[in-house]
Structures are given as C-alpha cells and as structure tokens.
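**Student:** Line order of the protein sequences matches chains A and B.
Here the first sequence is numbered in this note's numbering, starting from 14 and rising by one per residue.
Here the second sequence is numbered in this note's numbering, starting from 109 and rising by one per residue.
Please keep in mind that the hints were generated in silico from the structure rather than gathered at the bench.
Each hint should be verified, as a subset may be incorrect.
As the list claims (entries may be wrong) - Below 20 Å or equal to it, Euclidean Cα-Cα: the simulated SDA-like pairs (lysine to any residue) are:
| no. | chain 1 | residue 1 | chain 2 | residue 2 |
| --- | --- | --- | --- | --- |
| 1 | A | K137 | B | M308 |
| 2 | B | K139 | A | V186 |
| 3 | A | K193 | B | K143 |
| 4 | A | K137 | B | K283 |
| 5 | B | K139 | A | V49 |
| 6 | B | K233 | A | S174 |
| 7 | B | K233 | A | V186 |
| 8 | B | K233 | A | S187 |
| 9 | A | K45 | B | S287 |
| 10 | B | K233 | A | N172 |
| 11 | B | K283 | A | V49 |
| 12 | B | K218 | B | S287 |
| 13 | B | K283 | A | G115 |
| 14 | B | K258 | B | S337 |
| 15 | A | K45 | B | A279 |
| 16 | A | K137 | B | V244 |
| 17 | B | K139 | A | N190 |
| 18 | B | K233 | A | N135 |
Stated by the list, open to error - Computed far set for chain B versus chain A, every beta-carbon distance over 12 Å:
| no. | residue |
| --- | --- |
| 19 | S110 |
| 20 | K258 |
| 21 | I285 |
| 22 | N286 |
Virtual Cβ for every residue (Gly too), placed ideally from N, Cα, C.
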Amino acid sequence: MKTAGCDIGSRTAKAVIFENNTIVSSAVIPAKLDPVESSETVIQMALDHAKLKMENIDTIVGTGYGQQEIPFAHRLESEIVCHAKGAWWNIPSARMIIDIGGQDSKAIKIDQNGRVIRYTYNDKCASGTGRFLEIMADALHVELNEMGKIGKTFKEKLNISNQCVIFAETEVVSLINEEKEVADILNALHISLANRVASLARSLTIEQDIIMTGGVAKNIGVFDALSDGIGFPVKGLDGIDPQINGALGAAIIASEG
Amino acid sequence: MSIAAGVDVGSLSTKAVIIKSNKIIGFAIIKSGPKPVESANKVMEQLLNQTGIVQNDIKRAVGTGYGREKITFIDNAISEISCHAKGAQFFVSSARTIIDIGGQDCKVIKLDQDGNIIKFITNDKCASGTGRFLDVMAQVMNIDVSELGKLSQKSTKPISFASICTVWAQADVIKHINSRRPAEDICAGINAAMANRVSMMTNAIKVEKDICMTGGVAKNQGVVKALSSILGCKIKRIKKADPQLIGAIGAALFAQEKI
Chain A
14 MKTAGCDIGS
24 RTAKAVIFEN
34 NTIVSSAVIP
44 AKLDPVESSE
54 TVIQMALDHA
64 KLKMENIDTI
74 VGTGYGQQEI
84 PFAHRLESEI
94 VCHAKGAWWN
104 IPSARMIIDI
114 GGQDSKAIKI
124 DQNGRVIRYT
134 YNDKCASGTG
144 RFLEIMADAL
154 HVELNEMGKI
164 GKTFKEKLNI
174 SNQCVIFAET
184 EVVSLINEEK
194 EVADILNALH
204 ISLANRVASL
214 ARSLTIEQDI
224 IMTGGVAKNI
234 GVFDALSDGI
244 GFPVKGLDGI
254 DPQINGALGA
264 AIIASEG
Chain B
109 MSIAAGVDVG
119 SLSTKAVIIK
129 SNKIIGFAII
139 KSGPKPVESA
149 NKVMEQLLNQ
159 TGIVQNDIKR
169 AVGTGYGREK
179 ITFIDNAISE
189 ISCHAKGAQF
199 FVSSARTIID
209 IGGQDCKVIK
219 LDQDGNIIKF
229 ITNDKCASGT
239 GRFLDVMAQV
249 MNIDVSELGK
259 LSQKSTKPIS
269 FASICTVWAQ
279 ADVIKHINSR
289 RPAEDICAGI
299 NAAMANRVSM
309 MTNAIKVEKD
319 ICMTGGVAKN
329 QGVVKALSSI
339 LGCKIKRIKK
349 ADPQLIGAIG
359 AALFAQEKI
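Please put together the full structure from these sequences, using the hints given.
**Tutor:** So this is what it looks like as structure tokens:
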C-alpha cells in the first residue's frame, strides 16, 4: 500500500510518500498565497521524486494549519497527532516532542505507543516561533539557514533581555550600534528563543527522550541551546529532515487505515 | 520666586516642565537619545532658552521616568507611577484610575481620593498595548502615528485582529492593505486592538471611576473612544495640558511642594 501525508504549514508546505514502512520520497516548498496551490505543487513534487502518479496512492492524510484546503486529502489529522506519530516512528523511545514551526511552537508528550498524552502550544505570540528568527535574520542581514552555523562561532556571551520580538529587535539594533559581533548576537538570540520554548515545554513534566522537530530544529544554535534550556539532552530525528515530520506522521497514519 | 521643574526621561521621548504657583510656565518635549543624562540636559537647556529662565531661578527639580536616577541636575527622583498619579489628579481631581500608555509600556494605577496609590499594574514586556504597537502599525500604513486617531473616526467597518501580538497584527495589516481595505477601517481596527490589549490590564486591576488617560497615546481619539466603550464609561481627558507631559508635571508638582 502506498500512502501520502501533506502538511500545509504557515510558511512551508511538505509532502511525504510512504510504502512498506519506509519513506519513498518527500518535498518541502515555501507556502504560496493559495494553500490549494501549495498542496498540489508539493504533492506533485514528491510524486515526481518517487516516479509515481496521484492515482497510485491509496490514502492521503492532510495536516497543518491549511489542512482544510487540501483538495485531494482523504482524511485530516491534527498536527499534534501527526508530529507525535512521525517522531515516534523514527525514534520509538521518544516521549516528548518539541516542534518549532514558522508561526507556532508545541510541546507534546506521548506514551510508548506514540499516542498523545498531553500537549501545549503557543501561536499567540511570535516570540518562541520561527518568525522570531526570520525577523532577526532580516535585522542582521544574514540568511535564515546560515544563522545556526554563524552563531556557533561566537566569542563573547551577550544577553537579550526582551522576549517580545519587537523589543528584542530594538535590542539587536542597539547591539549592532555598539559594534557587537553578528555571531555573538546570533548566539544570544538562539539562547533566548530556546529558553522561551523550553519554558513552554517545562509547563509539562519533562520526560525523555526529547525530540526536536520542525524547521527551526535545523538551526544548530537553537537546537543545542534547547538542551541547556530544558536541562535534559534533546535529540534530533534520525536521518530525517525535521521539517517533514508532520507530513511523515500523516503518511504513517494513512498507512494504518 | 518659587519656580519648580519636573523632568520625565521616557524610553522614546523626554519631557520637561517648569511651574510657578501651580501654573505651567513652560514645557519642552524632545526625542530621547541613547543616554538619559544627555536627554535630560538637552530638554532642560531647550526649556530654559525658551522661557528665559536661568537654572538658578529653579528652586527645586524632580526627575522621573526610566532614566530618572541618572539625571544630574535634580534634587530627587520619584517613580513614574507616583508622578503620573500626581499630575493626573492635579487636572482631574475626581480621578481614581489612571491609564498611562507610553512609548514602550502601559500602566494602570488606582488611587484613593487623597491621591495615594492603592494598586498598579505595568506591562513593559510585550509591545502590544504600548505606543510601540501604534508606531509599528503606522509605519506599515505609511502614515504618521498622529493620524491613526483621526482616520479611524471615519471608519464604517473596522477590521478585527485574530491575535494581540504586534508581529501577527502587523502581518494582518499588510494583508488588509493588499486586499485594498479602506485605510480608515484598518486604523479603526488597530485602535480597537490596542484598546483590547489595554483592557486586559484594566480587568486585572478592577478600575474605578473616574478614569483618566495620560501619556502620548491619550492623544489618539480612536483608542480613547474604543477603550471607553470597552470599559463602559467615559474616559476623562485632560484638556489643559498635553497628556504626554503629565509625568513631568507630576514631578514638578512634587518639587513645588518641598520648596
């Protein structure tokens, strides 16, 4: 049986094709204005990678904030359940998933069977989401996907005292004016973002293994700082792009019938 | 001559007032620089030049605002909370709640009839509900922040925001601009969102009448109206002075008392 998962997020759209308990192909694209177009483009891309056609797929599960708009989805499932499923499938010892997306962050606790026990999330405040990094990348004139690497070369430990994205941005501008190094500012920003998400996660009792997913998990600075913020080691997915985790979970759920 | 001065060094603007026998004889407002001491010196120099008063004529000066401790020419420093309460009650003696919205913070202060502070609550952690929120929105709208109030008065269908976060609201505003919603409806939505956020604070402190609004944002009629309707009672405006000066006036009144 061939299945697919399609995750329409606020910033990116993801699709995964799944067969015989393995990932056949996947695709990630920046979200378009029209979520219908996003979903059609991203699934076609994943199908092309796998040299398959839409009619070859038995079941497709949709997820993400734009899930209602996916015209070809047979079923829909919440991001929480999909993220839990994807991470647990990849790392069965996972008991907690911390997902930082483009416009939200979530902490999810699961049992040994990958079922969601409890979760908490923030989509009310831009602080603690991927948007925080996007705004800071702009302010510092660095590429979003370079931030982690550059931040790792820091020398001086700086502190960003504001959690609010707006106020933190002003703080960054003053640090630039004080001629502080970009790497040092980035390192401080990564710690600040990680601490914000860590406090969200700590509102649930922490249980290991802790897996970080979502696009922000690709930022090595935030990833490492999250372990420090939580006080326990955080793991990444094993050999899988953390950004496709939601779509992967959806594809697995589709395969379970 | 019993001349007293008050200086209020805020995050975005620095204000100074000179009073004599309860009358304002001069005031100045400048943009705050990075160093509070320099801002305080600059605003005072400007005010002295304007009024022709020399520093020696000032019998006593009080400083307030976030940079107050660093001002060199004052006799003592008093918190903004006390100064805003003092200044507001000077103009509206029946005031029991003061809502002060500054450039980067918001305070709600409860007073008794003698002007004693019973309770207060501050937000300086989140840009939403502060002057900064309006600054960000005005910038996106490509208008001066002072126009937000006037424009919103013409609105027939105010837009509504899904989130109070300045970042998310900013994205919403851009979306509405692109879909060609009338500017007045967007402005009205911005002012209503601002009032909503502030009302979250007033709810936490249980406001009492009369309510008086101070700080730069009090100049925005749209916010004042929206907040009045949420609170279910009219917010008293200070007519005899610029609401942005109330902290500095309070400081000057404190100085005058000790001469």
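**Student:** Looking back at the hints listed earlier, which ones does the structure fail to meet?
**Tutor:** 5, 12 and 22
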